[in-house]
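Chains C and B supply the protein sequences, listed in that same order. For the first sequence, the numbering used here begins at 6 and goes up steadily by one. For the second sequence, the numbering used here begins at 123 and goes up steadily by one.
Fair warning: there could be bad hints in the mix.
Said to hold, decoys possible - Once the Cα atoms are required to be at most 27 Å apart in a straight line, the calculated BS3-like pairs of lysine-lysine come out as:
| # | chain 1 | residue 1 | chain 2 | residue 2 |
| --- | --- | --- | --- | --- |
| 1 | B | 250 | C | 491 |
| 2 | C | 458 | C | 497 |
| 3 | B | 477 | C | 230 |
No lab work stands behind these hints, which were simulated from the structure alone. Computed from a predicted structure; not experimentally measured.
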Amino acid sequence: MDGIQLEILWSNLLSIVSEQGRALQRNAFSPIVREAGDLAAAVFDARGRMLAQAVTGTPGHINSISNTAQLFVERYPPEKLEPGDIVIVNDPWEAAGHFFDITMFTPVYRGDRIIAFFGCTVHHTDIGGYGLGAGARDVHEEGLWIPMSKLYEAGEPNQLLHDIIRHNVRTPDAVFGDLAAQVSSGRVGTERLLSLCDRHDLDHIEELAEEIIDRSETATRNTIKDLAAGTYHGETVFDAPGGEVVTLKVAVTVDTELGEILLDFAGSSDASPRGINVVLNYTHAYATFAVRSCLNPELPNNFGSLAPIKISAPEGCIVNAKYPVSLNARHVVGMYVPFPIIKALYQVVPDKVLAEGAGAIWTVQIQGVDQDGMSFTSTMFNYSGGMGARREKDGPDATCYPTGVAAVPIETLEAVMPIEFTRKHLRPGSGGKGRCNGGDGQVVEFRMRTGSKWLLNMMPSRVDYPPEGLEGGEPGETGVFQVNGKDVSESKKMDMEPDDLVTMYTPGGGGYGPPDTQAAE
Amino acid sequence: MGDAAYALAVDIGGTFTDIVLCDADGNTWVDKTLTTPTDLLEGFFRGVGLVLADANAKAEQVTGGVVHATTIVTNTLIERSGPPTALIVTAGFRDVLYIRDEHRYDMYDPQIEFPEPLIPSERTFEIKERVLGDGTITQTVDPDEVAAMVPEMRQKGVVSVAVCLLNAYRVPDNERAVGDALKAAAPDLHISLSSDVAPQMREYLRASTASVNAYTQPRTRPYLAALETRLAKEGYPHEPLIMLSHGGVVSAEMAGRFPVRMIESGPAAGAMVACHFAEKLGLDDLLSFDMGGTTAKACIIQERTPLVTGEFEVDRQYRFKPGSGFPVTVPSIDMIEIGAGGGSIAWVDTLGLLKVGPSSAGSEPGPACYGRGGDAVTVTDADLMLGLLDADNFLGGDMALDMAATKRALAGLAGKLGLDAHAAALGVFQVVGENMAAAARTHATDRGIDPRGLPVLAFGGAGPAHACHVAELLDSDKVIFPPLASVLSAFGTLVTPVRLDLVRSELGRLDMLDWDRVKELLEELETEAHAALLDAGIDHAQVRYGYGADMRYYGQANEATVSFESDPRALGGPENIRIAFEETYQRLYGVTLSDVPVEVVTWRLSAHGPEIERGGRVTLADVPGKPVSKRAIWFGPGSQPVDIFNRNHLSRGQVIDGPVIIEERETTIVVLPGWRAEVDDIGCVIAERMN
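Please build the complete structure, drawing on both the sequences and the hints.
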């Protein structure tokens, strides 16, 4: 295939999955999907190798689906599938690391042959069990466990599975609404792909798949071969909600012979008693994200571009958690996975990395009873700290890395529940000083206007261990979480008095370079 | 034609100022003159003078009105040439423009940048006041506190102020109090209240919109006032009408209050042209396709009306990426714009793939063939190499193209692809077409529309050369090449009716709707729109209203915009509103959710004046034109000799089978093999695919 034909077909595939991703995000019920784009959409070849993926909101999902697809084709070879079948799974170890994420696969038939699969993952509103938060004692308390199974068989709903889901989630309408959206995205993708095949007279996409994977893999290996060989170390220490201190260590080995990068997380903390543990598949997603965004962000994600990046972690550590530990709030640790890697890569490509930032977003959820006596539960909403400085640029203020989550507007929250924000502004000087400064965190303060008691579920982090600077840059300020002006450190739902005032000071990002030097022009 | 009623249109774009004069019979006179950036009115009146002289007409005879589209607002933003502007916000929320919505628009790029706000923190002022989400005012405004800000504003040279207070979309009283106090203390200040500019929920979007309005107003208002004065002085009987981004015209006074609504006035006029031709040709739906030097724009026309969106982004700064500009929430024609134009650069990436755009050679140095030192292969170079363009007849021969330079540039590109120069050029032609077709497809499906088979209306410098190819990729069998292509946007303003769109957010679940409040709100919107239409010279009896709402299922965060077929107050209650919502939702997403409540977020009203009956006419030849020459063209691996026609020689009803090239001064129509072109009564060339 020449560079013209391939460009035409490949760009069409990318545009198909991006349509799929946007449609999913737009009509999702799950707030975190709509606001944060917490979803994945991708197309795979008949061998389950990812060919193209929508660019969506959080790194956690986007690469884990690639591994899930490999398991799916092993378990569902063509003879076990027929047109109209749709398979789902939420097994944390096989899919995206906690039960909330349901991954779905739709086979694409051209004639009687499967030529591809569409896959998507959506963070659902509810999955039964403990609900949002890190408080479950083991994975079974966290909700419904769906092993890989058919949701539809030859176009007909698998009634038993539908019933089980309906009876085990608190918001069945929203969950089935989102499942319907997933089904419809697979259908749209299928139509698009078949019409692409029609336009270009293709019976299958095997040759296209080979070209995409080959060229991506070769390009990635070549990029790695240009780096300085060696093993580089990085370490990040942070405090998770509840005050637990977590250490993530990584040894990044750049193998310029093979053109591979190996990440080994040996030395990282053991699994936590709280539900902040991360399965290897999810660690893989954040780790490959970190490497690729520093190395060759312009190259699309696919089986080939991911293949040369390999990871390992000791069994049972916090980033390779084993059954039966709890996992619900795995993003809290997952969002820190890139930092030790970036610190190691700083020694290799200092112009492409950034200093540590606030890390995890601070999430908030409120339950209470309004003035009319109606009970309400808010959606999760979240606030960012500052992003770390780059070599030539300050870190953006109140902006999160590695996720890129948007905050829910104050007016949207005030319109749907009896809350009053009293301030939300930057926290000047909270970014670490440096040749380039870290981004500032922010101050967000609110109270409820219900006149009755309420419950607060809050996830602050980095209140003890600040984001470090790079190359002599100063650290950012630690975060502060206060109720009525007093520091609090909680990872559980808190009972609140009617007039309690909640104040968040999110952390600033680390600086880059000694503060008294000038940024290079 | 002594008493003939003329209508005059002027479209000031970044490079050219286009003038169209039209009489009651549809005869047209056009001119294209260079835009005069330091004083836009200089070019305006010079061009107008030439056209009037050409038609032997006088200002007093322009009884059909003067319609104007201008780039002044966009220029002010892009050049950052607005004067110091201040922002007043609720105390505690001073960084609203800096914090934005906290979204990092490109997850993969750690080197991401965000635009510097138009109004910096040193000119942001906090006022003690508060309106809650339910509309309760817990703290009113102290006018003395506002007055006390004025000396500092003066000292900082502030001439314009945006005011954006929390929840003012719902209860504007506090914003109005701030506005009144400012006016009292400093009557000369320009004031933009967010509750007037964009009364919609979401504080950052509203603050951003109000800031853009405030920032651009001090340049726009005097400009429009000067235009009005000078037109009156020269004897024009009517005040000018100004084109807005949503595809309607309003009075200069109204446009001056809301310059943020004028940002896309030129492109909107292009979309209105497409509606006009849909009407003339008896087509309901169309895809307008405008491909110029650096970008291509496409807009879907449904039932002879362009799609309108409530939000868009201006001045994208970081690699033109979505998210790197300023969001504004005002009605605007829903267009896609992609980096694919005649000047787009072709290159080979690290994977060996041929890419086209988004970087552009611009006009300096321009495509290699301009001979100004550019060595990059552009779309124009590929077109030249394939024979689609004539090196000796570009811009009617005014600008010779350098074929040798094109060949040199293409040799490099072809080498990287391992192909010969013609194959590489053909690849550029194909890839740029695919890019545009893919963008149009995504744009359409995002809106629940099937783009396949939509007739394509092609214009812009590069559009007519690529339209048949794009149409083939969209399974479309018909491409329309309208007359007056070189001044089409200006012509578009002439066929645009007076129209104003207004919105107001008022969150409410349908099953708990305060119906009286809704009626009151719609009446308020009608009163406001009605006054604006009368102001634009429309009679009371001619005003018509269209109604809509942004709605969602309870629990969702994004709304779907629903148009009602009639006044929702006459729909007999919320049940029918729900039905209208579910019809739209079904079309967009293929599902409805019968158990979930529906809520309205924003009500929409559009007020229209009468349809415009004007049309343009071109003079067609009496006898069918003959080919003026023949040249070798590559539509595939080998070349073939193809007839070249001059568009001015074509006669009504003349039919020419493709492949054929039809040249006019500013553009070249390429009719591919398998297509047949025919000239219709009003001078459109219509190409249809033969079976």
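Cross-check of the supplied hints:
1. 250(B) / 491(C): holds, 25 Å
2. 458(C) / 497(C): holds, 16 Å
3. 477(B) / 230(C): Distance of about 25 Å is within 27 Å: holds.
Of the numbered hints listed earlier, not one is contradicted by the structure.
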